[in-house]
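Colleague: We have chain A; now place chain B onto it with these hints.
Protein chains: 2
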Amino acid sequence: MSWFDVVLGKPLATSEERAEHIGPVSGIPVFGLDALSSAAYGPEAALTLLIPLGLLGLPYIVPISLAIIGLLVIVYFSYCQTIDAYPHGGGSYTVASENLGENAGLLAAAALLIDYILNSAVGISAGVGALVSAFPRFESHRLLLCLVILAILTLINMRGVKDTGTAFLVPTYLFLGTLLLVLGVGAVRAFAANGHPAPVTMPPHLPMATATVSLWLLLKVFASGCTALTGVEAVSNGVMAFRDPTQKNAKRTLTIIILLLMIFLAGIALLCRAYSIGATDPSGAGYESVLSQLIAAVMGRGWFYYVSMGSILSVLALSANTSFADFPRLTRAIALHDYLPHVFIVRGRRLLYSHGIYALVGFTALLLIMFGGITDRLIPLFAIGAFLAFTLSQAGMVMHWKRAPGKGTHARMVINGVGALATGITLLVVLVAKLREGAWVTALMVLLLIVLMKSVKRHYQSVDQEIAVDHPLCLDNMAAPLVIVPLDRWTRITEKGLRFALKISDHVQAVHVDAEECSDVVKEMWQRNVVAPVSASGRIVPELIFLNSPYRFVLSPLVDYILEVERKHPDRQIAVLVPELIVKHWYQTPMHNQRAQVLKLMLLVRGNQRITVINIPWYL
Amino acid sequence: MSWFDVVLGKPLATSEERAEHIGPVSGIPVFGLDALSSAAYGPEAALTLLIPLGLLGLPYIVPISLAIIGLLVIVYFSYCQTIDAYPHGGGSYTVASENLGENAGLLAAAALLIDYILNSAVGISAGVGALVSAFPRFESHRLLLCLVILAILTLINMRGVKDTGTAFLVPTYLFLGTLLLVLGVGAVRAFAANGHPAPVTMPPHLPMATATVSLWLLLKVFASGCTALTGVEAVSNGVMAFRDPTQKNAKRTLTIIILLLMIFLAGIALLCRAYSIGATDPSGAGYESVLSQLIAAVMGRGWFYYVSMGSILSVLALSANTSFADFPRLTRAIALHDYLPHVFIVRGRRLLYSHGIYALVGFTALLLIMFGGITDRLIPLFAIGAFLAFTLSQAGMVMHWKRAPGKGTHARMVINGVGALATGITLLVVLVAKLREGAWVTALMVLLLIVLMKSVKRHYQSVDQEIAVDHPLCLDNMAAPLVIVPLDRWTRITEKGLRFALKISDHVQAVHVDAEECSDVVKEMWQRNVVAPVSASGRIVPELIFLNSPYRFVLSPLVDYILEVERKHPDRQIAVLVPELIVKHWYQTPMHNQRAQVLKLMLLVRGNQRITVINIPWYL
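Sequence lines, in order, name chains A and B.
Going by the working numbering, the first sequence opens with residue 76, and the numbers climb by one from there.
Going by the working numbering, the second sequence opens with residue 76, and the numbers climb by one from there.
Pulled out of the complex, with its shape left as it was, chain A reads as follows:
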């Protein structure tokens, strides 16, 4: 076993495919991290918008959270239906393109591609940001830390999904366990205290109200809170990564994820109200996150607080992994429709779509380097893609049910319709609110990607059209090719080349470029070593051609001559024999000219369909 196998795992045979598939226990870390970690920032985003209302704003969080949970339920059913309808993976791209047409599909594809890359960059930079807040001495190594985490994620993901799930089990379940415990203990205490429990650690006081409530404000709060929904679509994208029974396992995983997320959202909203916890100004000095306040209020600032906060930090950082799980599947799906290079379809040695991983890592690294690994600079570009894909996917499901009429499809259509409407409105609000801050960059990138994907498709179509042939092998004009052999000195290499030429054709030309003015020597050599034996054997004697080269160039006159011969024989294939010396050790290369290599390159660049290069290697 080589070190390569140790680091990346041994190659997997195609027949081993099933063994690599996962169940719900591994499925939650692989596909659920993105959705579940949303609980750490969704409610906070909503509460932040309620700050101007002061203490009076706090009660609104409960009905709004219930509305978001309601939307989550709708989205849940919608995605269960998608899993049913698309057992091989029904990402937004597939659903949108199959039901809403090519352009909607490409719009969804471009939005998702950009969002996955941003998610990966934001997740890593947020994790590093949290780490840096805890240990300020790492501040100057921010970007390096981001790239190190990216490298670790890459290595883990190159081993395959099953190994990925295993690696993420501990932090994910630590996060889930501690948060559930906090919410449970808090709920019991609130119930015992008739809804007004005494916090162990006092949360910061809420500021005075500076505004009054309005419908537009509540809509914005709802829209911001909806960021808690990002990542929910991951399971439906990756259905085929689950083990048999595939769809059942996928739905089971989705159900657990949604249930946990619902409990988190509801619990956080209710406890925030009970403990009077609101958001603090994120750009202010005394900033403390809502979850931090909540855990401190329920459990105090003991060792448990630090364990919980640590698990939140790691889960945020690891939520980047959702991109690693889904991005390669998405690029494959797009490449299958010829909109991306076919290399994304090829499965690597570990049965993964390796080139998708390479592309994701490359673009994530580029983003991290361009933005210096600072989350704040990336945030304005983020989330638009996710909601665009959401809306398109659910609108696509509406068309799906419309086209497949039957029992119950009308109700399903309505559910998806409501979802599409809600996410569509959220999308518009996000777009309007963030347009000047950076959303225009995302919009522009989406457009560019669509143009790129369409031109890739056009290229593949034109190639297919050009090389397509609908008739069987044509056997007209089977004359042997005209073979051209460059000639210098009489050596074994020359002899081998000429022998090969005479084996495959009766029409052979030897060409000598006379750069050193020694034509007589060559003529004499040719007469003695070639003309004499060939005519004695009764074969057709090859022709000897001399090319002048006043400027001592060897290859240009040769290539010019070959092109001229090609023009003079429009009905013949031209085969150029290139004898090549292969040295035993690389360091012997400078001892020999590289004319064979250059000649092959020149013939490739200047040649055409009827010129073929035959490489005659001579191994020393």
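One should not assume that every hint holds.
No distinction is drawn between identical chains; accordingly, a pair holds when it is met within one copy or between any pair of copies.
[Claimed, not checked] Below, in silico cross-link-like pairs of lysine-lysine (DSSO-like), each with a Cα-Cα straight-line distance of 27 Å or less:
id : residue 1 : residue 2
1  : K659      : K529
2  : K295      : K675
3  : K643      : K598
4  : K643      : K675
5  : K532      : K659
6  : K477      : K323
7  : K532      : K477
8  : K598      : K578
9  : K598      : K482
Because the hints were derived from the structure by calculation, they are not lab data.
Modeller: The following block gives chain B in isolation, referenced to the frame of chain A:
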């Protein structure tokens, strides 16, 4: 005319060769700069060793300079004889190897190669050092300035020797003119003042004597002064660069150079004594060069002083050019004997041995970068090579006259013998004095170079032996090759490949690597598109081979199979057809797999004599 032609001059035809040759006027700047610029440091090096003797030491400079001039005369006659004996260029390498055998020749070659590179680096860094002394604000850009001057020298030299001579005419003749004028005026004033002229600007006082004279000290003074002789051999190396009558022009150039150098050495010695000018401590604070003191004493510190000093600086810097003139000729001569790669024999577009220039520039740049462009760090490595080559060349000439007895050869032998003895002693003194300071590096490099050159020769000999063939073309066993065609889908590219295969051989195998488990489709396609038409035409039907690939690798199984077929058919040539898609634009490359390239590479690396690659290009 392209920008390339503007910068480097248009290409020259072989027939234009004569026109590029030079006469004495251009010959002095091209081949004489190294020797003539020695006048700027040779006497100074001798006087520096006389410092401990104080004013009492000064008179010794005259007899020692006369001895050096005597040696110069001997060397002059010796090199005139070399030009007669070696009209195509008789460098130390040629003379030593022809008269003293291979090892002596290689010793001379290695010494000269290293010395030319050091001369180029030292010349440039000395010039920049002088410039930096005059304008201290350039101090921090020392290395950059060195590399800029190197680049300028390279460009000028890539145009050719004639252009080089023209570019260097002005500074060279300015240097010669001003120095001759100073010496003339000084001599007239000294004569008029009965040997004790009054200096215009008073030179620094000589220090008190701290030692007494000894034979060993005088020998060291003589040896140091002999550095004035470096560069004298340049003309004899480059005889063939002169125009007809070649030898006469070369000798005329050498005569002028030696005469000027003799006048300089004698004049400087006499005037130093007359004006009581001695060397100052080179590492002391009040350092002033001997030539600077002399010019100031004779002419004062007016505009003439600055013009003279400027010309000395530029001539020192340009003396690097001697390396550019001779190094490529030397590498060519060595390569002609198979001791260096043959690429050094090839004449470039301007009829120069371009690769010699590239090598010189590369090594000079390396030296300048390694030593930061500081002359002092390079000096200890320098001069050993020159004197080694000197001694070997003159010893070689002794053997030359010994072997060719006739009228006057005995006297000539004596002259060369005296020269060899004198330079040999100088070499020993220099080696002993500088061994610990850095001469050991040069000695080591000389040894390494000799080992390298011997192994290059061995490689060429073994190749020549391997590919040499003394019989005419053998026509036994002329069976057509067994052709292997990789097969995937049925396209025009596949059809073209199969047609070519059937044109050149009746024994064709199509190989399908079954990485995607679709053998039935391929079989059906094969039957319909190939088997049916070929059997209908009465030809031998190609075989279809399936290769399993559990790990989805495509190329390894194919190459394994090809090697297996090769083993099974020891009497046949194997031709592997590689169809290749050539895209129109480079940016279309990522859209297609690069398997054709990789397959060709794998076959080159793992293949053997009987495996031939036929490249079938398909241009989009």
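Colleague: At 27 Å max between alpha carbons, let me know whether K643 reaches K675 within a copy, between copies, both or neither.
Modeller: Result: close within a single copy only, 21 Å intra versus 30 Å inter.
Colleague: With identical chains, the pair K532 and K659 could be close in the same copy or across copies; at 27 Å between alpha carbons, which is it: within, between, both, or neither?
Modeller: between (44 Å within a copy, 16 Å between copies)
Colleague: Is it within, between, both or neither when you check K598 against K482 at 27 Å Cα-Cα?
Modeller: neither (91 Å within a copy, 45 Å between copies)
Colleague: When Cα atoms must be at most 27 Å apart, do K598 and K578 count as within-copy, between-copy, both, or neither?
Modeller: within (23 Å within a copy, 31 Å between copies)
Colleague: Taking 27 Å as the upper bound on the Cα-Cα distance, should K659 and K529 be classified as within, between, both, or neither?
Modeller: Between copies only: 18 Å across chains, 47 Å inside a chain, cut-off 27 Å.
Colleague: When Cα atoms must be at most 27 Å apart, do K477 and K323 count as within-copy, between-copy, both, or neither?
Modeller: Within one copy only: 25 Å inside a chain, 103 Å across chains, cut-off 27 Å.
Colleague: At 27 Å max between alpha carbons, let me know whether K295 reaches K675 within a copy, between copies, both or neither.
Modeller: neither (64 Å within a copy, 61 Å between copies)
Colleague: Treating 27 Å as the Cα threshold, decide for K643 and K598: within, between, both or neither.
Modeller: Intra 25 Å, inter 39 Å, cutoff 27 Å: intra-copy only.
Colleague: Can you tell me if K532 and K477 fall within 27 Å by alpha carbon in one copy, between copies, both or neither?
Modeller: neither (29 Å within a copy, 83 Å between copies)
Hint compliance for this structure: hints 2, 7, 9 are broken, all remaining hints hold.
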